[in-house]
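Asks: For reference, the chains in residue letters:
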Amino acid sequence: MNLTLRVWRQKDASSEGQFETYEAQDISPDQSFLEMLDAVNEDLIVAGKAPIAFDHDCREGICGTCSLVIDGRAHGPDSGKTTCSLHMRRFSDGDNIVIEPFRAKAFPVVRDLVTDRSSFDRIIQSGGYISVKTGSAVEANAMPVPKENSDLAMDAAACIGCGACVAACPNASAMLFIGAKVSQMALLPQGQPEREQRVLKMVDTHDAEGFGNCTNEYECMKACPKEIDVANIARLNREYLKATITTRD
Amino acid sequence: MILDSHVPDGPLSEKWEKHKFDLKLVNPANKRKYTVIVVGTGLAGGAAAASLSELGYDVLNFCIQDSPRRAHSIAAQGGINAAKNYPNDGDSAHRLFYDTIKGGDYRSREANVHRLAEVSNNIIDQCVAQGVPFAREYGGNLANRSFGGAQVSRTFYARGQTGQQLLLGAYGALMKQVDAGKVKMMPRREMLELVLVDGKAKGIVVRNLVTGEIERYSGHAVVIATGGYGNVFYLSTNAANSNVTASYRAYKRGAFFANPCYTQIHPTCIPVKGDLQSKLTLMSESLRNDGRVWVPKKSGDARSPNDIPDDERDYYLERRYPAFGNLVPRDVASRAAKKACDEGLGVGETKLAVYLDFRDAIKREGEAAIRAKYGNLFDMYEHITDENPYKVPMRIFPAVHYTMGGLWVDYNLMSTIPGLFVLGEANFSDHGANRLGASALMQGLADGYFVLPATIGGYLSSVSHKDRPETTVAEFDAAEKAASDRIEKLLGVNGTRTAVSFHRALGKIMWEHCGMARNMEGLARAISEIAALREEFWKDLKVVGGADEFSQGLERAGRVADFMEFAELMCRDALEREESCGGHFRDEHQTEDNEAKRDDEEFAHVAAWEYKEGADPVRHKEELNFENVKLTQRSYK
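As you go down the protein sequences, you meet chains A and B in turn. Numbers 187 to 435, taken from my numbering, label the letters of the first sequence in order. Numbers 34 to 670, taken from my numbering, label the letters of the second sequence in order.
Please keep in mind that the hints were generated in silico from the structure rather than gathered at the bench. Glycine included, C-beta positions come from ideal geometry on N, C-alpha and C. Keep in mind that the hints are not guaranteed to be accurate.
[As the list claims (entries may be wrong)] Result set (EDC-like, lysine to aspartate or glutamate): computed pairs, CA atoms no more than 16 angstroms apart in a straight line: (1) K267(A) x E376(B); (2) K575(B) x D216(A); (3) K267(A) x D412(B); (4) K406(B) x D393(B); (5) K197(A) x D581(B); (6) K333(A) x E170(B); (7) K330(B) x D375(B); (8) K319(A) x D158(B); (9) K575(B) x D229(A); (10) K387(A) x D212(B); (11) K331(B) x E376(B); (12) K306(B) x D216(A).
[What the hints assert, rightly or not] Okay, the calculated beta carbon distance ranges per label pair: (13) W571(B) x E209(A): 29 to 35 angstroms; (14) A328(A) x S125(B): 18 to 24 angstroms; (15) S200(A) x A580(B): 15 to 21 angstroms.
[Said to hold, decoys possible] On the chain B side, residues computed to face chain A include the following (Cβ under 10 angstroms): (16) L88; (17) A108; (18) A162; (19) R192; (20) Q197; (21) M218; (22) P220; (23) T244; (24) I247; (25) Q310.
Isolated chain B (complex conformation) (with noise of 0.2 angstroms):
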């Protein structure tokens, strides 16, 4: 199979203009006869599903939260891009797509890249409408902030709480749209099994978390915004019941799955402790702004870091990369930390972090400056871990944040499945091998708002409104019974282990082979070490209760069986990709000062993987062209 990824013809900067005028349109009249099915409530689909409807589409919509404005969308911290350039410091849709390229490592699609840099600022404009707070200027204008070594100020921001302000907008809109009919909201519903019908995405098959019910849902297209992955490796800073059983269904059924082994380390995270721990706190990355990393130059150096004098600290990024010092980007300081503390040199009880210094800042500022810039993050910090950041150094570590890889997807945002479009981080599409900051955010929306919206009538047009099927049809009996029958199977196994044991079992095989970096006999060890711990799932599991009840371990076992199956499949692409590129590193590949070393001639391409009945998966390529860019090593010394 050959994948087309529909790229228009033309100029870079006039594709998107072109396209939508070459796109079919679907009449007016006609709309509401067409339903929709949305399969999350963050930012992608929550923005999808209300602007959809404003459309005139008939909209379902499904999360498994109790309420569409907790997707994890939410949390997300730091702030949103745009290319508004009201600071007029030199940014422009063209900056906006060359840094989100480059950050990328060159491995996602130009033309997917700039129509997101261009979209960018209608959808400041479209939140600022729904009455988002951003910072504003003493005069009343938007404030602007660099954020992640970015060199021009960009980023719009809602104190630390982006995410959350962004998402109560999409989800103010979703619910103007439940109040006026369009909209059919369905909250703590599980999407379990996708229904094709002659080949193409038809319906959904989900368990209605309350009562334990399998209900079906059929429509004229189906689109999944359900999130990433990073929580295959149990502890992450994703929320808890992030999971990756709605785009893994899908994949079982024909839509092929791209760079899974794209993983984001965030450096500046709260370091774990023990084992009962249940997710990782991020702090935003602003903290390297001022903070400066280190940790002591002897191994087991048991003093205070307060006694441990300047010479016998190595600072070690402003050692190793003199130009931007402690502002190197994530996955460079992430890996840098995990060095340190392979050689020994970690810090703490378990040795798994490094120091984040502010002693000099606080010394340069006065603690008054450092507290405006940084006191709800200091609070947060000292509230967790019991320790005053303004007298010691802060001990910080790397951990899971974001997922590049997802669903394959074309220009039109359709997977390989005719009829199944996928949104937001559920799909690969815009940030090659590493995510810059506060693009997550931006890619969402740019999705939600303005991409599918326009794309998803060019499908339609194509279809008639009297294609969609009964939910009697023999593909929703056969599509309920896998459902029900995998269901039968967790509670049937009745073995001694909890799905949590087992979910916390996977996380570390994941962590240690297939974490910061990769190489060929650790991946190989994993994929094995993964098979037996699968082996060992289905004989052991216990979940307690029935499936016709509310039951969280039920919906838990359900999510680890498939991450169970997932994790291999993050292994093998993992293994296959023979260079070091952005987030994904492989010891084998790097330069003799131990930095990532692409590999340009071969691996300039999109991995997609094809599911297999009872085999190995395919690996298909796409080959990525950069006819507007040229491909450069990243350097930051």
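Here chain A stands alone, though its shape is the one from the complex (with noise of 0.2 angstroms):
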């Protein structure tokens, strides 16, 4: 099938982007979506011409690396998938494709449609673990985690840190990543001494960062790949009211 791309192209962070229009030709419906732009970018270099940059790694949908705006939907139409995972027999012949890098203010452009989500590592580093020095450890079956509790933790813990979720959302927040780690840890026994502190720290960094805050759109959910629920934000908001509560400072 040939296809119509209307591309982001930024040189950097400081310089201005606009759209560029490329034609992608012979694609079959097999190809996954970053393979289609694989092949975009061969023609481009063979003649001459800046490749279109794109962040992506593992393209089976673990990593988080990949990103993209298509058409107007983080990570493109099918719910519950990557980019990566994205395949061309989604499209048609003739179809026109807007692709953009997930715009935030907190995820500044690097290039054309790679991003800067190093804010994400940032909210990590402000609380988003277990203070457990090397060695330390207890006998892992020393602490029993009831099941039903184990399986949310774990459901919350899948988030990918991709960023899907800050592109989707009209106020670009990041309270369903923030929700996903906090509610991972508040739902462990092991995680219970550092609970209030971090939850503060947290939302604190958050908003330093410049990610706006949750209005319940759920575009967040919508467009996760991990399908992380919205009930961990309303979790993150009862942490985050408790904490405020019973926290000494």
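Now that you have both chains on their own, put them together as the hints suggest.
Replies: In structure tokens, the structure reads:
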């Protein structure tokens, strides 16, 4: 099939960007979306033109490196899938496809479709872990965890940190991202000693990084390739409220 | 040069304890004066960086990804082994050790493997304390399963995302140390040179992948934990950016490369479709617990698989290996699939696939039961292939998955360059010629959390904390110049072909001649074809863009250039190893019924290659002494 792409091109963070049009020709329905972009890039390089920069790595939906807003949707039209798991059979001959980076103040563009998501790392640095030094752990079965809590913690822990929730949110909020981590730790007995400080610090960092607040649009859950539930945002809000009341500082 | 493994004396099960006591310690007040450079943030690198900084060392940590959380360890699905013996089914550190040595086809070092089995339990404790949500039973205790044909249930797992959860645990520990100011994290940096001062590893030169700047970092020791080299085959289950560059650069500076020919081909991957495919997707081998592997008996049988009656199907694994059937180890299953396709019995468009059929399991247990066990895998298969595996048999084919070879290290995980340590898949040490399922995660975390933090002190205690060079010394100048010159050379070719097209061509040569089965003639041909391709590469490569900008094309070109040289080393190693063992199968060395034939007289050794500028590399041997296990021929009949 043949397609027309409208792709966001931007040299670096300080330059202005604009859309450019490219033709993608002889694309097989079995190719993945990123393989389609690979093919366009091969042609661009041979023609001496700068290839389109986009982030990708595992190409099986787990590393969270790939991004892209495709026709207005973070990670494209398939729900519960990352861009790298999207196949061209989802499109038809003659389609126009608009491809943009994940847009948010806290995700500045590095080049073209590549953004800087290090704000997510800084949120985790501020408390998204359980402080346990290597070697100081107790016997693994010394602390049983109800299966239901463990399963809910796993549901939340499935977050791949891609940032689609932010890209999809009209407020560019990362509440689903934080909610997932806070929930995972709050549901486990190991996470209790730092429970209050964790949520307070993570929310502070979230706000300082320039992410917006949640206004219950639920776009994040719809865009999330791991289908993380907004119930985790509700749990985050409860945790935050509790912490503001009970914490000593 | 004699390769000294520095394995301590004493009974096998007491070596590690004794060694930890014998190692000199660094005074706690002095640790902060030592800087350790860690390259890589996967299970091995991330765990090491976090653990070393907890001990008090000053740590600089680098990765090529935009975040340390994205290292390729994240893609591991199945699980992690440990000798906890929670199911009370007779497991022990000794049994895990024995299984790993045997599974590696007797080509690994006893003492290293025993240590791995010993610390396996500490890993599980550590990860649980970090909040890794392992699967649990209703009583709240941890669940285990049997994996990869093991006779005991020793595998811990977090759904099909065990690697992800373990990595996020290590990443959390790392982020805690970054927040405390004890680790300086530098993402989007690619190591291009190792810097030696007075013969010791003292620093690295990296390219900042965002700005293109070449940066210099010095330290008292360097740790490489940059994963395996499976992408030399172009198509593999590795992440697209996984590469051999850091290891290969260290090799060119004097670190020996051990057993490069040992590669693992995983039997259950989704087959290749079309020339433009960029990667292969693995499906958990747990599928072989219920799926039956077969091909039509008649070559060129064009009927739909469901129309082929049972007596016209060859369930070749069940026929050839009645005892283990569809559960034979990875290397055996992969070769059998290749044999069927070589005989013209392959199925699908490309004829490079075999069926994995769940018809009988669905009939026996019902579709709901099969969905409960494998639902996510079936969905993934359907999503990629557009075929419903509940209705038609899956088509599978083997794919490159893991590399057992790597930089040579001694018992302390130190390479032949003093001060250069190598961890995880990047070293060669624990899996011999074949890795068992659920053992890669175990080894990465063992090296990072428990082994290196103990052994590095033994080295650093012999180095003065004042002995850290300024990055302005001549050695850094030379290293930076080498890196910049190579970049200029890549950009200066200005030919007509992309780096990816060369990579694809290289992969075809390697898969054809250095893949599942190898022979003298094919390997010799591969070596000459690689040389010709390399020449073509330096004549006709085209990279668009400059050195001082974000350029994925330049990154790729540099990695492919190193793969082009490394591929030849792999073929040489495969050529010299005149036996079949584990993942290395030589057509000339097989039994009458086509099974691998080891040669313990001649080849019970590690082959470690030394780089020689302008000359052929030199092959050194480390003899493997088996004092605790008896070498036997693996049999699955």
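Asks: Can you name, in rising order, the numbers of the hints this structure does not satisfy?
Replies: 1, 2 and 24
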